[in-house]
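Chains A and B are the protein sequences, given in the same order.
Anchor point for the first sequence: position 246 equals 246 in UniProt numbering, and the numbering is continuous, going up by one each time.
Anchor point for the second sequence: position 190 equals 190 in UniProt numbering, and the numbering is continuous, going up by one each time.
Below, computed lysine-lysine pairings styled on DSS-like, alpha-carbon distance capped at 30 Å:
no., chain 1, residue 1, chain 2, residue 2
1, A, K4, B, K172
2, A, K15, B, K195
3, B, K4, A, K176
4, B, K168, B, K195
5, B, K101, A, K5
6, A, K174, B, K4
7, B, K172, B, K101
8, A, K4, A, K15
9, B, K101, A, K15
10, A, K5, A, K15
The set of hints was computed from the structure by calculation and includes no laboratory data.
Just so it is clear, the structure is predicted and the values come from calculations on it, not from any experiment.
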Amino acid sequence: MDAKKINQIVLTAIKVVTVLVVALLIVIIAYIIGRGLPHMSLHFLFTESEAFLAGGGISTQLFDSFYILVLTLIIAAPLSLFAAIYLAFYAPQNKLTAFLRMVIEVLSSLPSIVVGLFTYLIFVVNFNFGFSLLAGAISLTIFNLPILTRNFEESLDDIDEAQMQGGLALGLSKWKTITSIILPAALPGLITGIILGAGRIFGEAAALIFTAGQSTSQVDFTNWNPFSSDSFLNIMRPAETLAVHIWKLNSEGLVQDATEVSAASATVLVLIVIIFNLGARALGANLRNKMMGDR
Amino acid sequence: MKQKYEELLGRSITGISITIICILVFSILYFVGAKGISMFVSGDGSIVDFLTGTQWDPGDGLVGALPMLVTSLMVTLTSALIASPLALILAIYVSEVSESKLAQFIQPLIEVLVGIPSVVYGLLGLEVFVPMVRNAFGGTGFSILTGVMVLTLMILPTVTSLMIDGLKAVPKHYRTASLALGATQLQTINRIVLKAARPALLTAIIFGMTRAFGEALAVQMVIGNVLVMPGSLLSQGSTLTSTLTMGIGNTILGTLPNNALWSLALVLLIMALFFNILIRLVGRGGDN
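Excised from the complex, chain A in its bound form (with noise of 0.2 Å):
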């Protein structure tokens, strides 16, 4: 008896701190969401933001944080989809392997900051990039490293046993039956794995306020020319993303309205995460079921 009375009244307790909890994890997403609504609008979008004065945009730090985004990708995703399929399908199950596994593990646990200033002191400094998207990029790419290499693996160990079975008996060599049975296979999975760390790289920021830099640099959208300093596409270029605008006005503040700004900021990057995560579920979804709809 005695026990069934406890067991009721803690049950209730874990009800109504659950509910309680829950209550304030809404109230908090929609405080952050809601309290940039007023000030988000096209114009703020769209337009550069200002140094002191009041009615600035995120044009720029919005392109940059998608690029840097893109850059990260291209370098990123290759070696990590590499390094996943050796993990995978070549890794001997041995020590060095373990040790492998482990080095990667220990990069995962590496707090950001210390991450950015590797990529300071190697790359800005040392091989002269100064503080660029390049820079940023690289500093991204090896924060991101071992999530997306775990994303990728678990998705190719979705993949049945009997595919690269069935590859093998058909007389292709490993590689082959990886690049054009199991990938294709395992791309809805992938794909899902490159949003969620789509995601992580368009939130971070201190990987990159000493790699990509602090300030935006005066960016000519005309202008198609990579190499020429102001041209939107130069890579060697400093950038401040939206993350790091958010930090750096709230940090300094000279803006007038930086309370609005970084309001509608965090707005913008909140709900382009959201959407990045939610968007990388249904994708994975769709392709799944379409791909088995073939069959």
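Since chain A is already given, all that's left is putting chain B on it; use the hints.
Same frame as chain A, but now just chain B:
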């Protein structure tokens, strides 16, 4: 012949990729390590002063990092102490207690929260928690407590998500067997499920602590950045990461003030390795 060539190509490409990742990791360990000890090697600062001194002004040769170490540990442990029980309650609710609409809603909610960038949590701290602390306790509102609040909120989703996975991994028949023996649901959760999932739960907590310890910008925005030994949760402080964030841009590579900051980065690195080993030990404990 063609097969052999393809095979070689595949092995090379994948082998090179994994080698590049390893080289990157060892470069990080080497360069941060080398930079981090350069202050001690050159004799500009002693390791004893660094670990026990309370005065930080590397320009004047004072390199006591103890206040930052203490502050970093304080915010990490306190936020883990608040976030872990809440996360456990949420995880138990989702995995054990209920299959209601609310339980199904919690997981996507948690996933969205995991994805929210840390600067946004910092901004929230600045706009909501700072005024809250100021109104409740006076002062500026910038304090270690405010930092703890931001970090608690930041790691709560991560820890919850990992704990839910850990509880759900416990086989169903453990529960049915326990309930069949006449145990109440609470007894089943307490004596069977939590025990079986203990390594996963501890791993979740350590993961949260790793994130809290390494977080830079969100903490730097609300903690006040005052380099003194923290007197209480309400005093302003500066963590290892926030000092680094503020300082690196204002110092010149190769000078003592800069090298002293690299020593802080080395401490962060060593702590990350320590947390990593801890997770391994905890995980191994589960195998036995």
